[in-house]
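Colleague: These protein sequences, in sequence, are chains A and B. If you read the first sequence in this note's numbering, its first letter stands for residue 30, the second for the next number, and so on. If you read the second sequence in this note's numbering, its first letter stands for residue 30, the second for the next number, and so on.
None of the hints are false.
Here are some chain B residues the structure puts well away from chain A; computed CB gaps all over 10 Å:
hint : residue
1    : Ser-36
2    : Glu-204
3    : Glu-237
4    : Arg-298
Estimated spans, in silico, between C-beta atoms of each pair:
hint : chain 1 : residue 1 : chain 2 : residue 2 : range
5    : A       : Asp-325   : B       : Ser-276   : 48 to 58 Å
6    : A       : Glu-204   : B       : Val-207   : 51 to 61 Å
7    : B       : Asp-335   : A       : Glu-280   : 52 to 62 Å
8    : B       : Val-207   : A       : Asp-209   : 47 to 57 Å
9    : A       : Asp-130   : B       : Ser-313   : 35 to 45 Å
10   : B       : Val-207   : A       : Gly-61    : 15 to 25 Å
11   : B       : Thr-200   : A       : Trp-356   : 54 to 64 Å
12   : B       : Lys-85    : A       : Gly-61    : 27 to 37 Å
13   : B       : Gln-292   : A       : Glu-65    : 24 to 34 Å
Which stretches of chain A does chain B cover? Using the computed rule of at least three CB atoms under 8 Å from a CB of chain B, they are:
hint : stretch
14   : 61-70
15   : 120-127
16   : 144-157
17   : 179-186
18   : 192-199
It is worth saying that the hints were derived from the structure and are not from the lab. All residues carry an ideal CB built from backbone N, CA and C; glycine is no exception.
Protein chains: 2
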Amino acid sequence: MTDAPGSLPETITKHRETVASRMEDYLGRRDGPLYEMIKYHMGFEDRPDNPGLQGKALRSSLLLFTAEGFGGDPLRAVPPAVSLELIHNFSLVHDDIQDDDTLRRGRKSVHAKWGAKQAINAGDGIRDLSTLALVDLANSNDPELTVRATEVLGNYSLEMISGQVKDLQLTDRAEISVDDYLDMIEGKTCALLRASFHIGGIYADADEETVARLKAIGKYLGYVFQLRDDWLGIWGEQEEFGKSVDSDLQERKRSFPVVYALQRSPDERLSEFRDIYFSNGDLSDGEIDRVKKLLDDLGAREGTNDWAKKYWSQATEELEKIDMEDWAKSDLKAFGEYLLTRER
Amino acid sequence: MTDAPGSLPETITKHRETVASRMEDYLGRRDGPLYEMIKYHMGFEDRPDNPGLQGKALRSSLLLFTAEGFGGDPLRAVPPAVSLELIHNFSLVHDDIQDDDTLRRGRKSVHAKWGAKQAINAGDGIRDLSTLALVDLANSNDPELTVRATEVLGNYSLEMISGQVKDLQLTDRAEISVDDYLDMIEGKTCALLRASFHIGGIYADADEETVARLKAIGKYLGYVFQLRDDWLGIWGEQEEFGKSVDSDLQERKRSFPVVYALQRSPDERLSEFRDIYFSNGDLSDGEIDRVKKLLDDLGAREGTNDWAKKYWSQATEELEKIDMEDWAKSDLKAFGEYLLTRER
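Modelling step: build the complete structure from the supplied sequences, incorporating the hints.
Modeller: Structural data, given as structure tokens:
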């Protein structure tokens with residue numbers, strides 16, 4: 030592995046361009062007001078300064094990386110990779126409505142630009158396109174594989190939606206256990222990462238036991254990804270992380286560090302944390318700093334890291350047991366280290 | 030045809046029970062808060078007074094009727110029929126959010142019961158289940174047919190969503206031409222009825238020319254259905270139609286009769302209609318009555334019927350040219366007459 034520590038391995042990032050160009054070509058075939066919203070969201074606008082595909086395309090890149098890591102032809106797996114990336118994006122458009130987020134990847138969200146009603150349509154359209162992309166881009170000589178991928182992707186999409194249902198239920202409840210939280214994340218975040226590894230394995234003709242281990246790796250990496258995301262939402266550097274760092278606290282999000290702190294045995298620091306965090310109205314800068322300090326004192330900063338490391342170690346255990354090519358195993362380890370330590 | 034005039038032929042309605050039982054069985058395999066909302070919407074609740082499948086299941090019934098009408102085995106076409114019915118229902122759940130409708134088929138809408146955010150998830154879940162039902166219920170020996178149906182249904186779903194995008198755009202504009210209106214309805218209403226006939230034809234191995242004619246029949250029947258729906262929204266009897274008849278006028282909907290009246294050459298009656306209809310605030314009972322009278326005087330009542338009849342005659346022209354079994358042709362004609370004259 031020749032990449033700098035703390036960055037994404039080139040064997041993963043190199044697939045982003047393939048996904049972007051196939052997706053832009055595919056979406057470019059359609060016109061009208063629905064597709065105008067969809068192309069805007071994806072970054073494929075019909076204008077000279079077209080920004081290009083938005084986001085890291087992590088899920089599709091990992092899918093192609095996995096297929097290649099078993100000696101498969103990554104090009105064969107482009108149809109499900111495009112499909113998976115579109116499923117992720119359909120969920121983002123609907124998430125932005127549900128969270129009333131006006132910014133997405135530094136640009137106005139579809140919700141902010143066209144309103145919630147039309148954003149529902151835009152997300153619905155992306156979901157339909159995700160299924161069609163799989164069918165339209167697939168090799169028509171292999172309908173069985175297409176049907177299998179459709180089924181696998183559909184089930185993971187449902188797991189993700191179930192996680193979103195639970196997430197919205199949890200925000201209404203003051204007390205959330207670590208188990209509740211992890212159960213929600215298993216759907217909301219882990220489902221599509223499991224899909225990356227699962228389908229990458231299928232398209233490289235991996236055997237059943239290997240696919241089961243790949244699914245486990247995807248799940249554990251999903252936890253690592255989300256726990257670090259929650260950590261950055263509190264202790265990340267504003268400029269690095271690219272979104273308002275204190276907004277998670279300001280919105281009183283039940284992120285992992287908060288849930289971790291809340292399940293500790295009661296003491297004065299926890300009471301003080303509760304009093305500030307569960308108060309109404311905006312938190313002052315002083316209160317935000319105090320909340321961060323209290324979470325740190327309550328062990329949540331270190332605890333979140335420890336949990337992420339625990340999941341990463343479970344992922345590496347599975348990784349040791351599968352017959353993936355050496356370069357791929359090595360780069361997947363680098364990817365895990367990146368997820369654990371990323372600053373943005 | 031042994032049915033009473035003005036009712037749905039038994040050869041169409043008989044399929045509803047098949048669809049209902051397969052769908053209830055399929056959805057019954059899943060549990061959790063997402064599926065609780067979905068089962069509620071469909072009418073498949075886990076309680077003794079389970080109301081059973083909601084709605085007429087018209088689209089799926091027509092699909093199975095069409096397959097049978099070409100001598101095909103309707104049971105073979107159950108998977109796409111269930112899928113199509115679920116697509117229709119996903120659109121209803123999201124429509125109710127967009128229109129802020131609190132009632133659906135006489136029961137609280139998902140939107141009213143769980144709020145808009147969760148109703149987005151419920152609709153998303155139904156759409157995923159629609160794709161999975163096709164795959165899971167299909168004969169695994171025929172993956173090509175499953176892929177084809179997935180593609181056809183996905184494209185019609187996108188047409189429907191495009192129509193919904195246009196509908197929301199139109200409600201923001203005072204002046205809408207008849208062409209704008211028909212273009213919107215072609216997506217919003219006609220798309221899934223075209224799917225019924227198109228896929229019914231495919232599953233009965235109809236040839237390409239026949240499938241093209243079936244698609245046209247579906248489109249024309251979609252117009253007939255919608256024009257009568259709009260007519261009933263103004264001149265239907267409250268008790269018969271089952272929803273508040275005057276709400277279309279009260280909400281200043283740009284339904285076909287209104288659009289028809291607005292495109293007439295200006296005269297005093299049209300000016301008076303405009304003054305009342307485009308005023309702000311609630312319309313009094315007297316104003317509602319006056320608006321109805323003006324629309325009638327402007328020819329909109331008769332004109333809407335005439336347009337519906339025109340589309341029905343185009344449908345029958347296509348019907349004459351296809352090689353459908355006699356009983357099916359005859360019952361399809363009865364169905365068209367029913368759509369033209371129905372009171373609810």
